[in-house]
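**Student:** The task is simple: from the sequences and hints, build the whole structure.
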Amino acid sequence: MDFNAILNSVLQVTFIFLIAPLIQGVMRKVKARFQSRIGAPIYQPYIDIAKLFRKGMVISSTTSWVFIAAPIAFFSSVAIAAAILPILFPSNLIAADLVLFIYLFAIGRFMTALAALDAGSAFGGLGSSREMLYSILIEPLLFAAIVFFAAFASSANANISSIVSTGAVNWPALILSPAFWLAAVALFIAIMAETGRLPFDNPATHLELTMVHEAMVLEYSGPLLGIIEWANATKMVIFFGLFAVLFLPLGLPIISSNPLISAAAFLAAILLIGVVIASLESITPKWRLFEIPKIMTFSILLSMIAFLIKIFGYATSGGAIAILSFVMLVTAIYFLFSATFERRLKIYIVQSVALALILGAIALTAGDTGTYWRLGSTILFKIILLPLLLIRAFNTLQKDSKNIIDVDPIFLGSPLSVPKSLALSGVLVALSYAITAALGVHTPLLPVAFSIILIGGLIIATKTHVLLQAMGFLILENGLVLLPTALSIQIPFFGEIATLFDVLTLVVVALVLAFKVHDAIGGLDSRNLDQLLEEQ
Amino acid sequence: MIELTLLIPVIFAIAIVPFRRSLRAVEGLAILGASLSLANLLASALSANFFQHPVSGLFGFLYVDPLGFLFTLIIATITLFVIVYSRGYLREELREGIIKREQLWRYYSLLLLFLSCMVLVTFASDFLLIWAGLEATTLTSVFLISFYNTKESVEAAWKYFIICSLGITLALVGLMILGYGMQQAGLAVSFGFINVLANAHLILPIYLKLAFAFIFVGYGTKMGLVPLHEWLPDAHSQAPTPISALLSGVLLSTAFYAILRTYPILSQSPGTLSFGSTLFLVFGAMSLILASLRLFSQTNYKRLLAYSSVENMGIIALGVGIGGPLGLFAALFYNLSHSLVKPLAFFLGGVASLAYRTKQISRIRGLSSVMPALGKLFVLTNIGVAGSIPFGTFISEIALLAAALATGHYLVVLLLAVFTTITFGTLLLRSSQMSFGPVTQKPGKYLPDGITRACIWGLFFLAIILGLLIPTVLAGFVNSAVAVLIKV
Chain A
0 MDFNAILNSV LQVTFIFLIA PLIQGVMRKV KARFQSRIGA PIYQPYIDIA KLFRKGMVIS
60 STTSWVFIAA PIAFFSSVAI AAAILPILFP SNLIAADLVL FIYLFAIGRF MTALAALDAG
120 SAFGGLGSSR EMLYSILIEP LLFAAIVFFA AFASSANANI SSIVSTGAVN WPALILSPAF
180 WLAAVALFIA IMAETGRLPF DNPATHLELT MVHEAMVLEY SGPLLGIIEW ANATKMVIFF
240 GLFAVLFLPL GLPIISSNPL ISAAAFLAAI LLIGVVIASL ESITPKWRLF EIPKIMTFSI
300 LLSMIAFLIK IFGYATSGGA IAILSFVMLV TAIYFLFSAT FERRLKIYIV QSVALALILG
360 AIALTAGDTG TYWRLGSTIL FKIILLPLLL IRAFNTLQKD SKNIIDVDPI FLGSPLSVPK
420 SLALSGVLVA LSYAITAALG VHTPLLPVAF SIILIGGLII ATKTHVLLQA MGFLILENGL
480 VLLPTALSIQ IPFFGEIATL FDVLTLVVVA LVLAFKVHDA IGGLDSRNLD QLLEEQ
Chain B
0 MIELTLLIPV IFAIAIVPFR RSLRAVEGLA ILGASLSLAN LLASALSANF FQHPVSGLFG
60 FLYVDPLGFL FTLIIATITL FVIVYSRGYL REELREGIIK REQLWRYYSL LLLFLSCMVL
120 VTFASDFLLI WAGLEATTLT SVFLISFYNT KESVEAAWKY FIICSLGITL ALVGLMILGY
180 GMQQAGLAVS FGFINVLANA HLILPIYLKL AFAFIFVGYG TKMGLVPLHE WLPDAHSQAP
240 TPISALLSGV LLSTAFYAIL RTYPILSQSP GTLSFGSTLF LVFGAMSLIL ASLRLFSQTN
300 YKRLLAYSSV ENMGIIALGV GIGGPLGLFA ALFYNLSHSL VKPLAFFLGG VASLAYRTKQ
360 ISRIRGLSSV MPALGKLFVL TNIGVAGSIP FGTFISEIAL LAAALATGHY LVVLLLAVFT
420 TITFGTLLLR SSQMSFGPVT QKPGKYLPDG ITRACIWGLF FLAIILGLLI PTVLAGFVNS
480 AVAVLIKV
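If you're matching them up, the sequences are chains A and B in order. For the first sequence, the residue numbers in numbering that gives the first Met the number 0 are 0 to 535. For the second sequence, the residue numbers in numbering that gives the first Met the number 0 are 0 to 487.
Note that these hints are calculated values from the structure, not bench results. The reader is advised that the hints may include incorrect statements.
In silico lysine-lysine, DSS-like type, Cα no more than 27 Å apart, as pairs [what the hints assert, rightly or not]:
#	chain 1	residue 1	chain 2	residue 2
1	A	Lys50	A	Lys28
2	B	Lys358	A	Lys515
3	A	Lys515	B	Lys150
4	B	Lys99	A	Lys515
**Tutor:** Next comes the structure, spelled out in structure tokens:
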């Protein structure tokens with residue numbers, strides 16, 4: 000065994016463990032500034048850990064050896080994981096693949112959950128059950144995101160070092176691909192969940208309703224708690240580091256052979272991610288436990304789409320237009336589980352803006368009258384007039400019926416649960432890619448256009464709120480407008496006018512009908528339109 | 000001046016607005032608009048010979064050949080009858096207080112716009128324009144369906160709106176695929192059907208098939224083919240009876256026309272053509288089977304007729320699926336006969352429901368003793384709907400059977416034999432129950448006025464001519480329409 004390699008690993012592990020409390024301190028400081036507090040100094044976590052190590056311990060008499068072993072196992076698993084990532088040196092002593100990497104954390108989580116049960120307190124049981132629920136969802140997420148990256152970087156194996164190094168070589172090409180960004184978002188969500196940040200878990204809470212991780216370690220005190228806190232902070236840094244080396248290959252040993260420069264760049268990247276996450280946390284509330292699967296499914300869906308793009312190989316061309324088209328696709332999917340009508344309206348506007356940008360880009364390069372016409376009508380109607388009309392209609396309808404559109408008309412008791420409709424939309428996206436492949440069309444826009452049309456149909460079919468169904472038509476119509484562009488065919492001018500006129504009339508008719516529905520059944524829940532159902 | 004047929008209803012629909020205070024003026028304008036439209040159609044048919052030289056108009060956006068003319072003739076004629084019938088029907092409902100006076104001008108105005116949109120479909124020279132016209136028919140008719148503004152009628156209108164608009168969107172996707180196929184074949188993308196059909200043999204079959212499948216499903220939704228028919232019974236039962244007659248007799252035909260217009264894109268090679276035939280046969284068979292089985296359990300007379308329409312559309316689709324001159328002739332002639340007989344059945348049912356103030360089959364008894372002539376006509380019309388003499392439906396079903404036998408579609412023969420018999424039995428049973436026997440429930444004092452009676456007997460006269468004589472000129476029309484489909 001090479002002595003240098005051992006030394007390198009020890010150096011790297013020590014480095015990561017040493018900077019971990021600092022990152023935590025910086026994040027707390029950022030949060031404090033967001034809350035207009037001065038906040039504790041950024042070195043406070045070091046002091047806290049030191050304090051914990053000097054204190055005595057209280058160990059419940061009901062516990063077994065598991066209670067003592069768990070923190071140590073957790074700490075060791077984190078230490079091994081820290082040695083795996085290629086941060087300071089190009090190759091490491093433990094050249095492990097990502098399965099080991101992910102399951103090292105699973106060991107830590109398993110031990111902590113076991114220890115929490117061991118103490119026999121109600122909180123421990125609660126925390127473990129929640130943590131295990133999360134882990135079911137998080138592990139496939141992490142796998143999907145990282146395996147995707149391996150496939151995308153054309154890495155030969157699942158070894159993390161080789162994934163990172165091939166990725167770093169192909170990096171300039173990768174960042175141009177929308178799939179790369181989709182996977183980055185997916186991994187980001189997975190990391191937020193894995194490290195227990197908001198909106199998944201609140202690291203600062205001790206409220207029984209909201210604790211997840213904190214509930215598990217509630218029984219610990221003194222040095223054992225110190226070990227857990229430290230390992231936890233380090234785990235967070237390792238995951239930020241994973242994101243950094245995969246998606247922001249700053250200071251990679253490939254680029255710089257000097258470990259000091261690598262260390263500085265790594266620190267900078269981690270601090271950047273830390274500040275971004277702390278800022279995000281400051282503006283996000285914690286979600287209800289049962290809302291969590293939605294965002295997880297969304298993240299899996301993103302990875303799936305990224306995979307599809309990789310498999311069908313459209314992503315390597317198209318650049319900005321492809322990225323914009325994926326913005327349209329993601330907004331369509333996000334529409335399915337967004338919370339309120341206003342937010343959905345914003346999503347629709349974002350989608351229309353992306354559409355307008357795509358049309359604008361095409362008009363600049365190969366502009367025909369049809370494209371200009373579509374561009375103009377998109378800006379005028381979809382970004383300005385229709386949203387105004389919809390919000391007015393919504394406000395008028397809401398004014399009349401306080402009880403109907405109270406909390407969230409859109410979510411409560413939807414006939415198809417959100418994870419299911421997300422899964423369905425994943426199927427639809429896959430179907431669109433399959434159709435496109437069958438047609439032999441090689442454009443990044445076409446599968447997206449098909450997907451948006453199908454998801455629009457899904458919204459109409461699965462939502463039970465009259466206005467939302469009307470908005471489903473708008474989403475669908477955005478896909479339809481994208482379709483001739485995607486196929487690069489030019490529609491006769493009168494065809495543009497006729498279809499536009501039809502669509503506008505359709506929206507107006509839908510709104511008038513919504514008012515009629517409201518008058519007839521005293522609400523906008525289209526499930527109440529059930530007078531004519533026949534016995535099958 | 001073929002475009003006047005299209006424009007006159009629009010002009011009158013707008014002209015109604017300033018006269019909306021006077022019910023007489025509104026009714027007069029509506030009847031005048033529909034008659035002028037029909038008169039213009041007939042006059043242009045006489046002056047310009049569509050059969051040798053198809054006519055185009057309005058800067059080439061319109062194109063009328065025998066096929067288009069045949070369907071436009073149905074549309075304009077039946078709409079005129081419906082408007083005349085509406086007069087008596089709505090006045091009675093106004094007297095009963097079911098509707099308000101202020102609503103009526105909207106009804107007639109929308110009805111004229113609806114007419115114009117349907118004529119746009121049959122006159123259009125371009126697939127995109129057909130699409131736009133068909134979508135516009137949904138948008139103009141949706142408020143006619145929700146006319147009573149009750150819980151039920153709004154529900155029916157909502158379903159109609161959602162299902163048909165979604166379907167129509169699929170058709171647009173199909174058109175885009177067709178455009179892509181043209182582009183791939185190195186052709187300029189245009190959707191004028193003369194151009195598309197002339198070049199269809201250059202397009203790769205996969206694009207043609209995919210495009211037609213999307214278009215078939217899209218327009219088939221509007222045509223009411225099973226399993227896309229869910230809106231149809233609701234809309235037919237909840238709309239005012241004249242509108243039900245119009246939807247059943249004319250709107251479904253218009254959607255059928257839109258599919259039929261697209262169908263020849265497949266006729267370039269036997270492979271693609273058999274793909275299209277299979278679609279027609281499968282959807283047609285499903286419609287025939289499901290609708291005739293559902294008929295028996297219906298308790299509402301209008302729902303009964305609505306399911307019968309689904310069944311009729313299934314038979315028409317089977318006719319196109321069998322294909323060949325005889326199959327197509329049977330389908331077109333069946334469609335023509337159905338468009339006359341079905342509105343007649345709705346008209347008579349409407350009279351009965353006004354007299355008994357219910358649409359429930361079980362509460363209408365002894366119609367023949369209340370109004371002897373109309374009561375017996377009611378039974379006759381109902382079995383006519385099911386394909387019996389003396390109506391055109393009978394002749395076309397025989398022609399259809401002959402075509403199926405000649406081309407070896409024995410399964411179709413079997414299905415037709417079994418399920419049209421079931422339909423016939425059900426309709427005969429229900430209409431006799433309603434018409435004969437003692438009056439169990441005291442009906443109201445309502446008796447149809449002279450104009451309504453004239454309207455009913457006039458329509459009956461037309462329908463019976465079709466069944467007994469088949470005027471040579473009309474057979475010629477249908478044959479030239481078939482030639483349009485075969486030739487291309």
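**Student:** Hint by hint, note whether the structure agrees.
**Tutor:** Tested hints:
{"no.": "1", "hint": "A:Lys50 with A:Lys28", "result": "holds (20 Å)"}
{"no.": "2", "hint": "B:Lys358 with A:Lys515", "result": "holds (24 Å)"}
{"no.": "3", "hint": "A:Lys515 with B:Lys150", "result": "holds (9 Å)"}
{"no.": "4", "hint": "B:Lys99 with A:Lys515", "result": "holds (16 Å)"}
Against the hints set out earlier in the document, no violation occurs for any number.
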